[in-house]
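So you can see what is in the structure, the chains are spelled out below.
Protein chains: 2
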Amino acid sequence: MPRFPAFSLQLPEWVDALLPDPDQVYPTLEDRMRLVIELSRRNVLMGTGGPFGAAIFALDSGKLLAPGVNLVVPSHCSVAHAETVALMIAQPLVGTFDLAAPGLPPYQLVASTEPCAMCFGAVPWSGVRSLVCGARDEDARAIGFDEGPKMSNWAAALEKRGIQVVRDILREDAAAVLRHYAQVGPIYNPGRS
Amino acid sequence: MPRFPAFSLQLPEWVDALLPDPDQVYPTLEDRMRLVIELSRRNVLMGTGGPFGAAIFALDSGKLLAPGVNLVVPSHCSVAHAETVALMIAQPLVGTFDLAAPGLPPYQLVASTEPCAMCFGAVPWSGVRSLVCGARDEDARAIGFDEGPKMSNWAAALEKRGIQVVRDILREDAAAVLRHYAQVGPIYNPGRS
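Top to bottom, those sequences are chains X and W.
Under numbering that gives the first Met the number 0, the residues of the first sequence are numbered 0 to 192, in order.
Under numbering that gives the first Met the number 0, the residues of the second sequence are numbered 0 to 192, in order.
You can trust all of the hints, since none of them are fake.
Listed below are the simulated EDC-like cross-link pairs for lysine to aspartate or glutamate, each with C-alpha atoms no more than 16 Å apart in a straight line:
| id | chain 1 | residue 1 | chain 2 | residue 2 |
| --- | --- | --- | --- | --- |
| 1 | X | Lys-62 | X | Asp-30 |
| 2 | W | Lys-62 | W | Glu-29 |
| 3 | W | Lys-159 | X | Glu-146 |
| 4 | X | Lys-159 | W | Asp-145 |
| 5 | W | Lys-62 | W | Asp-30 |
| 6 | X | Lys-159 | W | Glu-146 |
| 7 | X | Lys-62 | X | Asp-22 |
| 8 | W | Lys-62 | W | Asp-22 |
| 9 | W | Lys-159 | X | Asp-145 |
| 10 | X | Lys-62 | X | Glu-29 |
| 11 | W | Lys-62 | W | Asp-20 |
| 12 | X | Lys-62 | X | Asp-20 |
Stretch-level coverage of chain W by chain X, calculated; a stretch enters the list once three of its residues show a Cβ under 8 Å from a Cβ in chain X:
| id | stretch |
| --- | --- |
| 13 | 66-74 |
| 14 | 112-119 |
Note that these hints are calculated values from the structure, not bench results.
In this text, a Cβ means the ideal position worked out from N, Cα and C, and glycines have one as well.
If we strip away everything but chain X, and leave its shape as in the complex, we get (with noise of 0.2 Å):
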């Protein structure tokens, strides 16, 4: 064994059975959502990780590219968060780091809940367009999760990026994963475990 094994991230199995048609379409925002609120919603109640959902979408053509879930306790890794996950995911399956390479259609990161400081200096290096939240980061927060230090103008800072950002798509149905969460844990910031 090396000295540094390989780290490795799998989705859940209930995830590709969730997905069985590879050539299903998400046509609007809300369809997306309802998605991604469906990966936060079974990660919880499968016991797979943390409330987070998110997927990464053509722009246009609604097509899912990855799906993502928080894996941080059974991965071991703080990094991964339901965004991160779905570009670590997304990225290798179009052979590049940029999801704005030349050739590539626009994509669009939708995310169950607004990203914490971490997954928000994530967005602008993974080549996504648009960015589309449920939940409000104060819905995460009311519920003991720490969102980190964020800058409060983070959405203008991606927009001035020419990353769009658009919010509150089913926030109720996404906070209420979150509040869900809150009745059976646990919330695992770290140095309070």
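Dock chain W against the given chain X, drawing on the hints supplied.
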């Protein structure tokens, strides 16, 4: 093959060869930074990624837990910065996403360049108690790398969360690697490749 293959991240083979002694300790901040700058330098020399190195050390003993190098291009993943790679290798080695978990010694993240917006946001989730930086973010910007939408008082924001920030350790040596890289490229900001 599953529809969504696992994401796998492996350190380049030369890393193991560079670190033959698992018991070696790095007593001073300069010792630790020297290793991290060597990681950044070799990553360029060997063509395995961008000019950034990082590592997690036990804060008091200076024992290396895990190194990291920028693997954005070879891993097809915009998240694979040196700091996040070091975390993705380190945390599974201790079996928890939280480097401040009970029973663990305090850990320190040493980075050859000050963190970008994403890696800044990743630091509070990691459980490290201390962040040590070599080159300044303006040194990275000077060769065309984008550090992202980062708050100007980022170091104070970490200190406020109990994370010590130490800057300018061997800054010139670290910046020299960046300047050398500027000759050999590529500078891989998204949407410009």
